[in-house]
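Asks: Single-letter residue listing:
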Amino acid sequence: MSKTILEIEGLRKTYGSLEVLKGIDCAVHEGEVIAIIGSSGSGKTTLLRCINMLEDFEGGTIRLDGEEIGYHAEGSMRRRKSEKDIARQRALTGMAFQQFNLFPHMTAEANVMLGLLKVKRLPKDEARAIALKWLDRVGLGDRAGHFPGQLSGGQQQRVAIARAIAMNPRLMLFDEVTSALDPELVGEVLQVIKGLAADGMTMLLVTHEMRFAYEVASRVIFMNQGVIGEDGNPREMFVAPKTERLADFLKTSSFN
Amino acid sequence: MGYTLNFAVVWRNFDRLLEGLALSLGLAVISILIGAAIGLAVAFALISKYRAASWPATAYVTLIRNLPILVLVLFAYFALPQMGVRLDKVESFVAVLAIYSGAYLAEVFRAGLLSIPKGLTEAGLAIGLTPIQIRTTIIAPLMLRNVLPSMSSTIISLFKDTSLAAAIAVPELTFQARKINVESFRVIETWIVASALYVATCALIAALMRRIERRLALPR
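Sequence lines, in order, name chains W and P.
Letter 234 of the first sequence, counting from 1, is numbered 234 in the UniProt record's numbering, and no numbers are missing.
Letter 220 of the second sequence, counting from 1, is numbered 220 in the UniProt record's numbering, and no numbers are missing.
Just so you know, the hints here were simulated from the structure itself, not pulled from any lab data.
Hints may contain errors.
[What the hints assert, rightly or not] Listed below are the simulated SDA-like cross-link pairs for lysine to any residue, each with C-alpha atoms no more than 25 Å apart in a straight line:
(1) LYS81/W / THR130/P
(2) LYS124/W / LEU216/P
(3) LYS118/P / ILE165/W
Here chain P stands alone, though its shape is the one from the complex (with noise of 0.2 Å):
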């Protein structure tokens, strides 16, 4: 092949891909914990017997997972300020990821509230809770715990889905990979690296997951 493998130039780098690595988490972890308060909303708006509120809820979901986030990305960066908003790369960013974790999150968090026993909400009116407090003291500790599971795959998901800022130039890692790549020539070492970092991030966010879930398991 002629291509002698050399990670010199990647080491040198390295500090710039972690750095990279950190914006990633954080862009990914903002846009999850927004996307994650929108998604219980919508949830049970979804599963509300009030049109008013289910109707917007459905369309909001339908809209956003039928379309590319990159397509997201880009309009929110480009077509937003022609329209009088105007948002940095970061913050544009965040609010398309918030929102699109939002839709994944609430289809997550509906099938999670599906599977809660009617019983147990008529065991809280009973003792005279209000449908509110149901929801935050029975409904929604019930739910998360139940969802956990696929929603480790939906997070991780979404981590990975912060490489397409890279698309408006925010400095995370697939962003700074590409910057050393066009740099250094090291095209393989680079990607490598780069790809390293992901799947051992990934890796760790499942085993985080797993540890929060069984912690959360209830005793029997």
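Pulled out of the complex, with its shape left as it was, chain W reads as follows (with noise of 0.2 Å):
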């Protein structure tokens, strides 16, 4: 097995006295490409969010190559780390999101140089060159200097991709990241993934599109009521489920 990036132990969150994670046990290998799946409120996108410590969590660890995320032990008790060291670490993910969240006051290419300028603290010329490189990559560099309000949704979608996978992360995180698209969208963003994954980018895909997990992952993690219902190889998972609840899920959602 290769080397392992993510380990998560026990992780626990609750939202008030609604208790969404319940003990998360789970560990990523570099290369790996996961597809986490289940219905809504099975707590993927929750777990995802953690991960990058947009969400708070009150129990459990999550190490990134072996450095605690997010909190630090002081005697026995957990604290939160600084904003300024969580940002260090957030950096070192990167994440795209199910609405775009594009900057609506710059370009696609200063979009994707603002992490480059501010946290990486590079040169501006350095920068511009790895923008309009990923920029490129995801099958836009003709749109750098567009802003997101003349861009399509799946040319969004796409900038956005470009502008985390371009801070170099160890991890990408996708949010359903095609379910706000129109139908007809929804490739080349599934696209620009699939050539991700052949480059051998670790990846956490929370998604709705069987096919494309079935196509592209290397791994599924089925979500239920906040814990790992099933985890293992697509090809087996999808066949021969081994659970009545995941049998149960593949029924109603659409598969084809």
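Assembly of the complex is requested from the two constituent chains, each provided in isolation within its own frame, with the hints serving as guidance.
Replies: Given below as structure tokens:
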């Protein structure tokens, strides 16, 4: 087995009295492409958001390359790290969102350059070169000077992926990145993700695209009511689910 | 009516009115610039989840917005020196108008901040920006675009409020007009011309703001 990048142990997350994650244990290895599936409310998006501390969590640990994310022990107490430390850790993972979340007052190029300039503190020329390289990679080299409002949803999402990947993250998180897109624009975004998978990028994808999960993922995690229901090879899981829950879920989701 | 209009005296003293207008504008610009800085900081404090920040900000906005500005002007000029704070006429008026505009602009900015999607902050966090970097590079520029239309009327309001400086004998436009009025007895003419100057200046400010708005509009 290749090197472990991410180690999650006993992860618990509650919203008030509602326990959304009830103890998640999971290890992610270098180069794995993991599709996280499950019905809405199963905790899959929350899991993704805990990994880069967009959500605080109450219990358990997450380690990225051995370093604990978000919290540190102080005696027997557990304390949230400083905003500065957390920001540094967040830069180690990239994230793409359902709603793209491009900065509307910046061109595509400026969106991609922002993190390179402000977080990595690269000189402007270097940041621009990297931004153009990645915009080119997602097929938008000729749209570098366009503002988000001038791009289609699919194009915006590709810029958003370029913005995340340009930071050279250890791990990419995709949160239902095709759910807000018109059907005819889904393909171009999935194509970009496929390309990154082929490059060996380690990725966690929360997705409703079962066909895509089946084709691209090296591993599938089925979330059910705040725990991992099944975890395994997509071919086995989709063809012969071990649990009734997964079988039911696959029946109701559009596989084809 | 037995009153014949005669503008000659007013035209002879027109340069004094213009000097007054220039001072009015100067007072407004300096006060609003300081007020905008105060307003921005206070707006972020107003929406902060930390009570230690939001409580004093709310207190400031509530207090200032519920006081007539003339009371503040008189208090700063007459009462503060008794308390050991000695400012000259212009300084004390600028301080008052800055604090006053800070409270109004804070409310304008707060509304603008609330209209910015949370996802943009999260996208900034996700690439490793600190909360302060997100405010300066993403939130503030977007908020300013949002609030330009309502800011325009606030700025015009604040410009007109400079006339209250006449109460402490700052020689701005209203003060100059009153002086010409008293010296010449051309009551109607003097105030018509002074009013025209206010109206023209406000119209210019509105046009300028619309221009800035168009300039900063996001291309789509």
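Asks: Take the hints in turn and mark each one as holding or not.
Replies: Quick rundown of the hints versus the structure:
no., hint, in the structure
1, LYS81/W / THR130/P, "holds, 13 Å"
2, LYS124/W / LEU216/P, "holds, 23 Å"
3, LYS118/P / ILE165/W, "holds, 21 Å"
This entry satisfies every hint, going by the numbered hints stated previously.
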